[in-house]
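**Q** Protein chains in written order, with this note's numbering: chain A, 175 to 471; chain B, 1002 to 1518; chain C, 101 to 421; chain D, 101 to 421.
Each hint should be verified, as a subset may be incorrect.
Pair ranges (Cβ atoms, derived) [said to hold, decoys possible]:
{"hint": "1", "chain 1": "C", "residue 1": "Ile267", "chain 2": "B", "residue 2": "Asn1123", "range": "34 to 44 Å"}
{"hint": "2", "chain 1": "C", "residue 1": "Ile204", "chain 2": "A", "residue 2": "Lys393", "range": "34 to 44 Å"}
{"hint": "3", "chain 1": "C", "residue 1": "Ala125", "chain 2": "A", "residue 2": "Lys339", "range": "32 to 42 Å"}
{"hint": "4", "chain 1": "C", "residue 1": "Ile267", "chain 2": "B", "residue 2": "Ala1086", "range": "50 to 60 Å"}
{"hint": "5", "chain 1": "C", "residue 1": "Ile267", "chain 2": "A", "residue 2": "Ala333", "range": "33 to 43 Å"}
{"hint": "6", "chain 1": "A", "residue 1": "Ala456", "chain 2": "C", "residue 2": "Ile267", "range": "38 to 48 Å"}
{"hint": "7", "chain 1": "B", "residue 1": "Lys1400", "chain 2": "D", "residue 2": "Ser135", "range": "48 to 58 Å"}
Worth flagging that the hints you see were computed from the coordinates, not collected in a lab.
No experiment lies behind these values; they were computed from the predicted model shown.
Ideal placement from N, C-alpha and C gives every residue a C-beta, glycine not left out.
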Amino acid sequence: ADVTIPIIVKDTTSFYWQIVLAGARKAGKDLGINVPELGAQAETDVNGQVSILENAVASNPAAIVIAPTEFKALGKPIDEAAAKVKVIGIDSGADSKAFTSFLTTDNVQGGRVAADGLAAAIGAANGGKIEGDVALITNAPGAGSLEQRKQGFTEQLKAKYPGLKLVADKYADGQATTGLNIATDLITANPNLKGIFASNLIMAQGVGQAVAENNLGGKLALVGFDSDEKLIKFLNDGVISALVVQDPYRMGYDGIKTALAASKGEKVEANVDTGANLVTKANMKDPKIDALLNPKL
Amino acid sequence: MTPTAQELHPAPVLEPGRTILELRGLEKRYPGTHALKPVNLAFKSGEIHAIVGENGAGKSTLIKLLTGVMPRTSGEVLWEGQPAALATPHEAMALGINAVHQEVVLCRHLTVAANMFLGEENSRFGILQQRAMVREAQTIIDDLGFDLPAHVMLGDLTIGQQQLIAAARATVRGTKFLIFDEPTAYLTRKEADQLFTLIRRLKGEGVTIIYISHRMEEVFELADRVSVLRDGTLVGTRNIAETNDAELVKMMINRSIEQVYHKEHFTPGAPIVETRNLSGKGFENISMTVRAGEIVGLYGLIGAGRSEFVTSLYGRHKKSAGQILWEGKDVQINSEHDAIKLGMALAPESRRDQGLCLNLPVGLNLNLPIYKRISSNLLISNAKEKAEADRQIAGLRIKTPTRGALASSLSGGNQQKIVIGKWLAHGAKLFIFDEPTVGVDVGTKAEIYRLFGELLSKGAGIILISSYLPEVYELADTLHVFRRGKLVATHGFHTASHEDILTQALAEKQEKLGGQT
Amino acid sequence: MSIEAIPAEKPKRNYNVLFGLTLLALLVLLWIVLSLATPSFASGNNIANLLRQGSMIAIMAVGQTFVIITGGIDLSVGAVVGFATVVVAMLINAGVPIAVAILITLLVGVAIGLFHGFGIVKMGLPPFIITLATLTSLRGIGLLMTNGNSININSDSFTAFSRNSFIGIPNLFWMVILVGVPAYVFLHHSRWGRYLFSVGSNAEASRLSGVNVQRTIYMAYTLSGLCAAFVGVLLAARIGIGNPTQAEGWELQAIASSVIGGTSLFGAVGSVHGPLLGAFILATINNGANLLNVNSFWQRIITGALIIIIVYFDGLRRRGK
Amino acid sequence: MSIEAIPAEKPKRNYNVLFGLTLLALLVLLWIVLSLATPSFASGNNIANLLRQGSMIAIMAVGQTFVIITGGIDLSVGAVVGFATVVVAMLINAGVPIAVAILITLLVGVAIGLFHGFGIVKMGLPPFIITLATLTSLRGIGLLMTNGNSININSDSFTAFSRNSFIGIPNLFWMVILVGVPAYVFLHHSRWGRYLFSVGSNAEASRLSGVNVQRTIYMAYTLSGLCAAFVGVLLAARIGIGNPTQAEGWELQAIASSVIGGTSLFGAVGSVHGPLLGAFILATINNGANLLNVNSFWQRIITGALIIIIVYFDGLRRRGK
Ligand SMILES: Nc1ncnc2c1ncn2[C@@H]1O[C@H](COP(=O)(O)OP(=O)(O)OP(=O)(O)O)[C@@H](O)[C@H]1O
Ligand SMILES: Nc1ncnc2c1ncn2[C@@H]1O[C@H](COP(=O)(O)OP(=O)(O)OP(=O)(O)O)[C@@H](O)[C@H]1O
Ligand SMILES: [Mg+2]
Ligand SMILES: [Mg+2]
């Protein structure tokens, strides 16, 4: 494989990004190109990703696929990189017009979908009444995509579900255990709590555990974001009401494929929305959804 | 010197005891130092065997080899005729060899009792018998006549008291062979006597004892035989009855010293400092004057409050009442900085804790008080820094390979010279020396005393604290006796006898330490 | 230079109890204030939550305290917890009986502790460095083993444990007692505990007294590794996954608990009950803040400020003894 | 116990240079190996990247070294960096002239350092605790100020600075020189530098020798806070945002760089060039691993192992001098 197209994700230590990388890896194999898998050690490590991008450019690749951790911060470095190689964006945006192509989930839209899912679940549990207190638990402050989900979620609540009151908007420290503790305390403190949105994988693991510990499955609505084996089990057991699931595998696969095409000077689509899907126990067996939940790693 | 010690204490007739421990070609090399050249020596059962020698002669090294603290480079040690490896302290202890090491090495955060039983705790089913140990420790301490409580933290005792505990500790351990490495360095006469009583008692019980000291009269008072080390070589062994002070000193330093106490008398000039009814923690109502050209000696037992008094004078600790006059003017000294600005210099009593930055170079230690002076604008003048350090090293004959060697690599006596030397360049008017010759050999002592003379001749005044009576007695123009924080007597040069001074310092029995905090 | 360390001796013991009481008083005060401020605090359910939440840091803090008493520090404990969740999860999913899986995981913790001892004693590395290096590497190894995924533990009996209670007290808190009582006896009433203090106070003196200093250091780090691995098992049971990036930053929480509990970072001063109280004080602060719905950002600020205040007053009281 | 610290003395200086050389040799060796292993390593572009990447940790490590030499530790520096990005971003967006904004940010760093000095000197808190508390609180304050969001800095001239070069060398690396040279002179050729060493070696002896120990401690923490705030400004320029959660864990990297560079965590041993070399060694390891496409999990493992190896051999060489 002489052609090299590195893929730079936000955080190599999370499952979500491992699926993206798996997609990219598969594409590399299918297309016969070399795909170095790069990424920072935390989603919030902006500087780390800038350095990785610089290093990747220095190794003279055919093109680069990147999931920018921070909209503004990665703008200039991407401009600079694009001066030397074609840059394909995936997952999140950046303040740059230099992307050759862009395959994203709209995280704001994802937040809206989560709000819809939560409202539906609350309705189902309370005889159709969409009323009561809800809470939002965010993995850690300072991560752009999580802020966008929060934005979409809160906007949608205000716009469509006046009966739902956001009583707690909590940040954890990136630890599932902290999510668990916060959720337990929120359940204790708010007897009228009807639903929680845990806006990423780690928080959904922790909050799901809190719901399970308190045997509130089916009584307290819980919507998570992204999926893994644990969350699917929670979904099956009725602990989690719904998951907003993106298509990370496709982002990785198509990202590399598009990058190769672009590097050959072929014309590629400028914007692709890979979508955010609401998964519930009802639709989880759909082949399309099932493929999202069980990506072929 | 005053009447030689052996006239006062006739040495006991030496029994031809059997050899308990024999060294054959014992040798130790440190990287860069040949500390002990092959030594052959036999110790007889039940004898008190003194070892003397200059600072750095290798005395402590010898002890470290015998107690398994360090491995030997070559040679053989026979214990009761059998070769002994002595690879670990544990092994030495199992044979019955114990030591009270030179620097007090016990655990400050453990109680006296815990220290005494450290490594040999009584436990039943794995549970420590703490009360029993405290009781037992107290019994031993009382039995030895030491007036100390067993349940307090060791760190709450003075260095001298800790030293006594270290000695008492050895008696717990089924000792057959006990080594004392300069045990009296921090003791006053009273504690030293208690210790000697202990040593004689142990000897009576058949324990063999090695006794290391820089104080000749102690050697003559206690020992049956004495061995002299010089530069790591055994120069000779003598029966105590067949030798004298002069011979030993000659053997030690390869030259003779006519006079250890080099005392010049100057006519005292104007008062430099005057205290009026100064009080603080540990001392009360102290009034004294130090004039240019005089040495004011402070004598007392351990804990008499002398160190507290001078450190308060120096601004390190708070004063509760009283007045200080500096060159006749009323002054406030609220920090050591104030004191130094006025022209005071303090060589503190513990060189390890207060005197030296041990892991820094000799040069830096010597220059520490004068960096301001040898900096031009922002930067240190390298040339001046070197010149100043070299001047002190040469002037005080500090034995160091270079000014860049770490202070910790010097022998005790030479470290002490740094503590003193750093103030010489600073040009103070009042020098306070708190126990300046602890652990210092005879030759070096003579040099330090000569230095006092030089300082006096330049118009400085000196406060000299010593728990070693002969030192203050022979050097001080004015001698103040402290007892439990009070100044109880004042004498001129040689106007009172040793006995009088001792009596004044002792007078009443010291209170038990237990209730002090 | 304080004396609370050794409870054995009469006048000390009084003081020690007093000291313990004062932290306990603080904890009780916090509880009273919170009970008045929010109705849900004093509910049995919440107390159970609180006990659960503080348990894991408490156990880590005890292990950490052993190390700190010797004058060292163990930065790896958070990483060990994360790594242990992975090990136990993999073993259980591979069908190893739960008891055996737990045992093996604990042995892994012991092995890591022994490695630290080796680095310090034999290689002469500063504890800060060797445990920092382990922290870094161990997360890497865990990530490699899991490929960055969480491992979902498929044994319900294992995960049920941490949720259940025994005579009304959460199992997790029983585990604190299970660790705390032997640790107390060990530290304050056995010769090995005594040696931890003596090594921290003066390693050379201890060696000269025949104390095996090296073995003592091995022991301290091994116990710390063991406690951390045990917490890893508990954590895996509690959230039902093995994930090497868990427990990030817990080492600092454990150290803070220990210091709040009166342990001196200079060594030779510490106890078992102090760190336990410290951990539950921190847990109470977080729990209370959650119940009062204090903004998460304010929670951080308050925690930092309280750490300063508690340690300051503790220091004051001791100096003014 | 080493002597490289004080360059004033002849035999030391030789040794000092030798020691510096040996780390330098290691760095050069790494560079040669990487140049052979991957064609892109030796490219001008990559060297520029490498210099940029190592710069920030290098500057923090220098400040940290001052503190460690006094026998302390400053865990807050990562949080100070993050906080400083917020401060400078807000000021610039509020229309404050860039130079003034930078100045104010640096003063904030100084104030934080002074607070640490106050806590240690006046309140008697252990450095570990007061700086840990600041770490926690400062992130909270920053988050409160930004409400958890990033602040986009809307001044292109500010952000351009960090990506530009001057005579072929990245501006960020010039900043290392800008900090390093005065720091070198300060530490090794001024009396305040000597006082840092003497306080770290024996505070009481220094005090009795007329050294103002309190002022020296204030100075060390102030310089560390200042360096961290400066790095915050550089980071804000580099990533174009203010965000309080940036630079998480950088304190440990700074400490590791310092120790790799020969600083002793027991105080009184350290230099300025050592931490710089240490930081660039770590940056090279990361850069090389990226270029060689080493799995990022393996990178962690390798980093941990290399820290152990480097510190071990450094220790060996020094003991065997
Ligand atoms: N750990 C060590 N490493 C290197 N050299 C050492 C060490 N310990 C002692 N030395 C050197 O060995 C020599 C003998 O030292 P030793 O401590 O035995 O002297 P000493 O006779 O006990 O002196 P003093 O009367 O001052 O206690 C000295 O030159 C000393 O500097
Ligand atoms: N570490 C300590 N803890 C508590 N009290 C102490 C301590 N050291 C000394 N003291 C007390 O302070 C008082 C004065 O002691 P100080 O050390 O000044 O006496 P000194 O005459 O200089 O004796 P020394 O020969 O021991 O130095 C005494 O009451 C003593 O018991
Ligand atoms: Mg000696
Ligand atoms: Mg004294």
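**Q** Evaluate each hint against the coordinates.
**A** Verification of the supplied hints:
| no. | hint | verdict |
| --- | --- | --- |
| 1 | C:Ile267 <-> B:Asn1123: 34 to 44 Å | holds, 38 Å |
| 2 | C:Ile204 <-> A:Lys393: 34 to 44 Å | holds, 38 Å |
| 3 | C:Ala125 <-> A:Lys339: 32 to 42 Å | holds, 39 Å |
| 4 | C:Ile267 <-> B:Ala1086: 50 to 60 Å | holds, 58 Å |
| 5 | C:Ile267 <-> A:Ala333: 33 to 43 Å | violated, 50 Å |
| 6 | A:Ala456 <-> C:Ile267: 38 to 48 Å | holds, 42 Å |
| 7 | B:Lys1400 <-> D:Ser135: 48 to 58 Å | holds, 51 Å |
Of the numbered hints listed earlier, the single one contradicted by the structure is hint 5.
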